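Q: Start from chain R and add chain Z according to the hints.
2 protein chains.
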Amino acid sequence: MATIVFCTANRTAQTTARRCLTTHLTGLASARESHLPFSSTHSHSVTLLPGTRWFSRAGRTRRGALALSGAAAVTAAAAVAGFLANANHFQRAEMATRVSQAAEEEEQEGDILARCRRFMSPPVTDTSVLQQRKMEMRTRMEMLIMETQADFCRALQEVDGGTFKVDRWDRKEGGGGISCVMQDGKVFEKAGVNVSVVFGNLTEEAAKQMRSRGKVLKGKDGKLPFCAMGVSSVIHPKNPHIPTVHFNYRYFEVEEEDGTKQWWFGGGTDLTPVYINKEDAFHFHNTLKEACDKHHPQYYPDFKKWCDRYFYIRHRGETRGIGGIFFDDLDSPSQEEAFNFVKSCARTVVPCYLPIVYKHLNDSFTDEEKDWQQVRRGRYVEFNLVYDRGVKFGLATPGSRIESILMSLPLTARWEYMHEPAKGTIEAEMLEVLRNPKDWV
Amino acid sequence: MATIVFCTANRTAQTTARRCLTTHLTGLASARESHLPFSSTHSHSVTLLPGTRWFSRAGRTRRGALALSGAAAVTAAAAVAGFLANANHFQRAEMATRVSQAAEEEEQEGDILARCRRFMSPPVTDTSVLQQRKMEMRTRMEMLIMETQADFCRALQEVDGGTFKVDRWDRKEGGGGISCVMQDGKVFEKAGVNVSVVFGNLTEEAAKQMRSRGKVLKGKDGKLPFCAMGVSSVIHPKNPHIPTVHFNYRYFEVEEEDGTKQWWFGGGTDLTPVYINKEDAFHFHNTLKEACDKHHPQYYPDFKKWCDRYFYIRHRGETRGIGGIFFDDLDSPSQEEAFNFVKSCARTVVPCYLPIVYKHLNDSFTDEEKDWQQVRRGRYVEFNLVYDRGVKFGLATPGSRIESILMSLPLTARWEYMHEPAKGTIEAEMLEVLRNPKDWV
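Quick mapping for you: the protein sequence lines, in order, are chains R and Z. If you read the first sequence in this note's numbering, its first letter stands for residue 1, the second for the next number, and so on. If you read the second sequence in this note's numbering, its first letter stands for residue 1, the second for the next number, and so on.
Warning: the hint list may mix true and false statements.
Put simply, identical chains are the same to the list, so a pair is met inside one copy or across any two.
[Unchecked claim] Derived EDC-like pairs: lysine to aspartate or glutamate, alpha-carbon spacing no greater than 20 Å straight-line: (1) Lys-305 - Glu-256; (2) Lys-370 - Glu-189; (3) Lys-438 - Asp-329; (4) Lys-261 - Glu-368; (5) Lys-165 - Glu-420; (6) Lys-220 - Asp-363; (7) Lys-238 - Asp-371; (8) Lys-238 - Glu-432; (9) Lys-186 - Glu-416; (10) Lys-370 - Asp-184; (11) Lys-220 - Glu-253; (12) Lys-172 - Glu-368; (13) Lys-165 - Glu-416; (14) Lys-186 - Glu-429; (15) Lys-165 - Glu-369; (16) Lys-208 - Glu-368; (17) Lys-238 - Glu-189; (18) Lys-172 - Asp-367; (19) Lys-261 - Glu-204; (20) Lys-261 - Glu-429; (21) Lys-223 - Glu-136; (22) Lys-165 - Glu-255.
What the hints contain is simulated information worked out from the structure, not anything from laboratory work. If you're wondering where the values come from, they're calculated on a predicted model, not measured in any experiment.
Next up, chain R with everything else stripped away, as it sits in the complex:
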């Protein structure tokens, strides 16, 4: 049943990214994640840009449509909302998919200003700069991460009824970010969707550390101009039957002494349920698999394994959740094709997660189930503070925007001494899966 949910056909990518990938993917096995937690010295709230809600674009024609704004958008959104009230979660997911298709087409149009109107905040880079260099990868990626943030935030607002607090912050050394956080909503205990776009100079040592394969980069007088950007998000729902989701997609560019540019992509999407639901797990993994398969048949199996390895709480002998995909240091087969793959992944976030949220929206739960959720939240905190390289790198970087890095932590968590679910319970079933990761598709 869940297979019908996925139809995020990245058609452009399908036609352009068919060249055979010869990269030996096993070389990517050393896990590394970065949440781009660069520094900020100033932060302030901004008003949400007027714009359509995520699903409102489903009513538009596939080509040539500008992003709706203002009163027209509100009307369109209200009309779609009326329809959605009667639609089941699969229909909703299909609509999310159509949104992604439309957004994809739009990238080809390249109308920067019109696209910016839909964002949660004006982009970090000035729109005039973005327009000047709209064909460059750093611009295309910045537009993608801003769009991903907007699409995901609006999808979450729609289901929750709450509103994201939007904080825009500047990084003294160059760049900044936009943090969107919704806390203590109706559906979500804490939902954070963060974008950062930073640039400046790296030391050779820092540049080496940023690559999972530790490739040595040669700078001019030891300094390497760089830019780094990404979108990352963690969503902790209140209902223990709705899983936590995390995703992060990022891009790095470093200029070497001779002027050549090194670039690479990284990212992933993974699910952390409190209870196992096989249908949800299949839907989530299959949606990711189909997105990956369009680009390379080895992507899903390799990146699924990498995800299980990365999100492993070693001292507990268990994974953080049921995984998804994780990759880093992706610099082949071409920048265009790597970007198309990342774009497919980013556009898969809403159809991966939202149908699961809608499905369990009204599930009832007991105090015991809530307690188990809180214990699992404690494990989430353990992973993020002890192992997550992005968090560790961020906390160790002077001047980092700590609140954006730690927005991944749940609102509440619990540590019970010697907590071990009784055999045969659904809690024990969950632990069994975390101790022995499964294949879901």
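A: For chain Z alone, coordinates are given in the frame of chain R:
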């Protein structure tokens, strides 16, 4: 007023530890803490040994008294409990002090079996072995940490009304531990008091890492026989007006190639209030200062600073709490005097903390105060998982008893995005102190 609370006169130490300490204490400045989180493969609960409650020993003569046990102890304890019901927290603290004095005298007697009867569990080392080598430092220290555990647990049980769960665990490679945990009690959200006594062989690299000054130790064929032991505890009360306390006292012994033994002590006691109470802060620090001053006038000022440096949450720019003392690598002026100092510190735990607990036992609190406590608990988790070297060392050691290491985490914690108390509030006053550590005495 609080000055009258302290009278833990370590009289033996006073008369024997008066030699001038010439060690240059500033050399100890590099912070290092170890909670001795060595491995365990087996754990089981044991019944509490019949024994007196912590304060029951106050009624005994100062010399020659065996530990009471069984019915006599219960009767004595009941009599003292009756008195305690009418005593204020300062009187109670005075009694706790007398207990400590009695315990100290008892050490001189050296009746291992009688002393063991008071423990929360039989000691890790077999009593016959302890008796055989009762003059050795490892035995004297094991007895001290077991006594400290018993005194503190009983003091907490008395005020809470609950009972500690006692888990005894073995370490496959040698030694084991006793974890006492009380969870969701009337007064305490989570109280853990852990003892571990471990031995075996260290690699030269591991031995070096265990010393804060990184001293190189030469082993036979690269291996160094060692023993390490300690008592550590974290108490998280429910009432936000009762502070969290942590202490840890430990001893290491490593045998070098030529048979010489390297040894050193480490430890400290520190307080983490949710709200500033100057009287409590003065009492806590002054009690520690008086204990330190008996041994060396520089101990308190140096170890107070070391404590503020060690318990620093760098990414927040704030200390974990209002400090106390912290030291490591203490191997001078003599083993006897270093041990006497550690003994004074260990015996100061009850008079440092219990009067504060009694004082605030019935303080009323609001939901907002409870929320602020939960936010501070979140910071406690951040320190312990990100910075605490003992926790990090423990989590990274294969086969560690994770539940004993992580019993320091609170039962519940909270992370609110961009939480910042309003100016002029008592929450802001607390933060101000954490950002700018004060001298309290």
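Q: Work down the list of hints and note, for each, if the structure agrees.
A: Status of the hints after comparison with the structure:
1. Lys-305 - Glu-256: Neither, since 32 Å and 45 Å both go past 20 Å.
2. Lys-370 - Glu-189: For Lys-370 and Glu-189, the Cα distance is within 20 Å both inside one copy (12 Å) and across copies (18 Å).
3. Lys-438 - Asp-329: For Lys-438 and Asp-329, neither the intra-copy (25 Å) nor the inter-copy (47 Å) Cα distance is at most 20 Å.
4. Lys-261 - Glu-368: Answer is neither: 54 Å inside a copy and 53 Å across each miss the 20 Å cutoff.
5. Lys-165 - Glu-420: Between copies, since 15 Å is at most 20 Å while 38 Å is not.
6. Lys-220 - Asp-363: For Lys-220 and Asp-363, neither the intra-copy (59 Å) nor the inter-copy (64 Å) Cα distance is at most 20 Å.
7. Lys-238 - Asp-371: Answer is both; intra-copy 11 Å and inter-copy 18 Å each pass.
8. Lys-238 - Glu-432: neither (23 Å within a copy, 33 Å between copies)
9. Lys-186 - Glu-416: between (27 Å within a copy, 16 Å between copies)
10. Lys-370 - Asp-184: For Lys-370 and Asp-184, the Cα distance is within 20 Å both inside one copy (15 Å) and across copies (17 Å).
11. Lys-220 - Glu-253: within (15 Å within a copy, 51 Å between copies)
12. Lys-172 - Glu-368: neither (47 Å within a copy, 35 Å between copies)
13. Lys-165 - Glu-416: between (32 Å within a copy, 13 Å between copies)
14. Lys-186 - Glu-429: Classified as neither: same-chain Cα gap 28 Å, cross-chain 33 Å, threshold 20 Å.
15. Lys-165 - Glu-369: For Lys-165 and Glu-369, neither the intra-copy (29 Å) nor the inter-copy (24 Å) Cα distance is at most 20 Å.
16. Lys-208 - Glu-368: neither (47 Å within a copy, 46 Å between copies)
17. Lys-238 - Glu-189: Within. Shortest intra-copy distance 5 Å satisfies the 20 Å Cα cut-off; inter-copy 23 Å does not.
18. Lys-172 - Asp-367: The answer is neither: 46 Å in one copy and 38 Å across copies each exceed 20 Å.
19. Lys-261 - Glu-204: Within one copy, since 14 Å is at most 20 Å while 44 Å is not.
20. Lys-261 - Glu-429: Cα proximity of Lys-261 and Glu-429: none, with 48 Å in one copy and 50 Å across.
21. Lys-223 - Glu-136: neither (23 Å within a copy, 58 Å between copies)
22. Lys-165 - Glu-255: So Lys-165 and Glu-255 fail the 20 Å test inside a copy (35 Å) and across (59 Å) alike.
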